[in-house]
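Hey, can you work out the whole structure from these sequences and the hints?
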Amino acid sequence: MTDASLLSTPLTDLHRELGARLVPFAGYEMPVQYPQGIIAEHSHTREKAGLFDVSHMGQAWLVGPDFETTAAALERITPSAIAALKPGRQRYTVLLNETGGIVDDLMVSRPDGAENDGRLFLVVNASRKAVDYEMIAKSLPENVKLEPVEDRALIALQGPMAADVLKAHAPDAADMAFMAVRSMEFDGIAVHVSRSGYTGEDGYELSVPAGAAEAIARALLADERVAPIGLGARDSLRLEAGLCLYGHDIDETTSPVEGAITFVLQKRRKEAGDFPGAERILKELEDGPSRVRVGFTLEGRAPAREGAEIRNSEGRTVGVVTSGGFAPTLGAPIAMGYVETSCADVGTRLTLVVRGRELPATVAEMPFVPQRYYRKPSA
Amino acid sequence: MSTRYTEDHEWITVDGDVATVGITNYAQEQLGDVVFVELPEVGRKVSKGDEAAVVESVKAASEVYAPLDGEVVGANDVLADEPGKVNEDPEGAAWFVKIKMSDTGQLDGLMDEAAYKAHLEGL
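Sequence lines, in order, name chains W and R.
According to our numbering, the first sequence is numbered sequentially starting from 7.
According to our numbering, the second sequence is numbered sequentially starting from 3.
It cannot be assumed that every hint is accurate.
[Said to hold, decoys possible] Residues on chain R that point at chain W, a partial pick, calculated with CB under 10 angstroms: (1) 32; (2) 37; (3) 63; (4) 115.
Don't read these hints as lab results, they were simulated from the structure.
Just so you know, even glycine gets a beta-carbon here, dropped at the ideal spot from N, CA and C.
Right, dumping it as structure tokens:
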């Protein structure tokens, strides 16, 4: 069944052919799982390599006369040192509103090569495309333009075998460092590759011409180490990796300090205080925020979901769960949520209220499962 | 008596005045991997339509409703340790509860296999 109001991606027909269950997500018809099932897909990604269609995400160029001008333009709405980004490198950052709340989280990369001077490539959340593009366009000076990219698909290949799989089609990807970006050929097709992802594993994201997306996906899936992975496992993988899902774990009311992603704030920007909401954010850095995002491990098997109330040992409400579910790698439920800062220390025992019952939970280190990003062997 | 079904994808088999209730293969397919099942305590009185159990898949929690009035006289404790049984054998070993019916006449309101099949085809 097809809902005509939903958008498709260049890979939607392939998902259907592979037996995916398609569900509406951020206005797109997207695969939530394939016949293998979420737990098997999750484990496959942790053990081998998983292929994800993330073409619903927003890809856009920010184009100015030179790197300094374009970077300065983006710095007006982010707290990160975009100007310090080296050619061929990518950075995770956030767009901020005037009160220091997070409008979206995104990846920004500075492509290598003289022909790309003044160009930054952005990848934003599907659900935030319209909001982001309007906000960015409004903030730009005359000589910098936002150019949304509508003719490319985005394919993620994630897992410990991703590098070896991709090498056969795109040898140039093999020696890329974590968070590096590079343009190259995949079986003769021009693609932009970044060594990053949303699973906690080594892996890549490939921005590819829409017309070539299916051929590229089929070429990767032809490798027996690769399985197609749906949004269900994407969510459980990112939760185990302690990564935020926009609209759930971070939103327009939460600051980067509350969201425990202070690494998006670089020293020069903090010293200058020249970003939206700097007053609040610098004060939170100085005095500590009133609430902060933490992870939880739960006793028993019952998962706590988004919206579950968090209570302290006296039964007082001290926060709320923003993401939660079953962690296939751990074989146990995990969650993340916001708590009053006094309850945020690792090891603090709290309860998560599920269907009227208090489930014992402990504030835990994140990531829940160790990240295994690629580290270049030292020369 | 043959197996009966509800529109909420539960199956019911009857032995005397005790109904055994589980979820159908279609239901487990829709749920995906089941990771937790919460069952009612034995002795609890339930009315038709009451929440009798909760099934948690990786993605979400779903309620299982009592298909009949009665008293819970059995709960399948195996599911506490092996919730995945719901995916493996939903219409057999992975039954949820046994309910001692207070009104066996309510069985007439349930679908037989042919009617349930037609119901699935209409979805």
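Hints versus structure:
no. : hint : verdict
1   : 32   : holds (9 angstroms)
2   : 37   : holds (4 angstroms)
3   : 63   : holds (6 angstroms)
4   : 115  : violated (25 angstroms)
Hint 4 from the earlier list is the only one contradicted by this structure; the remaining hints agree with it.
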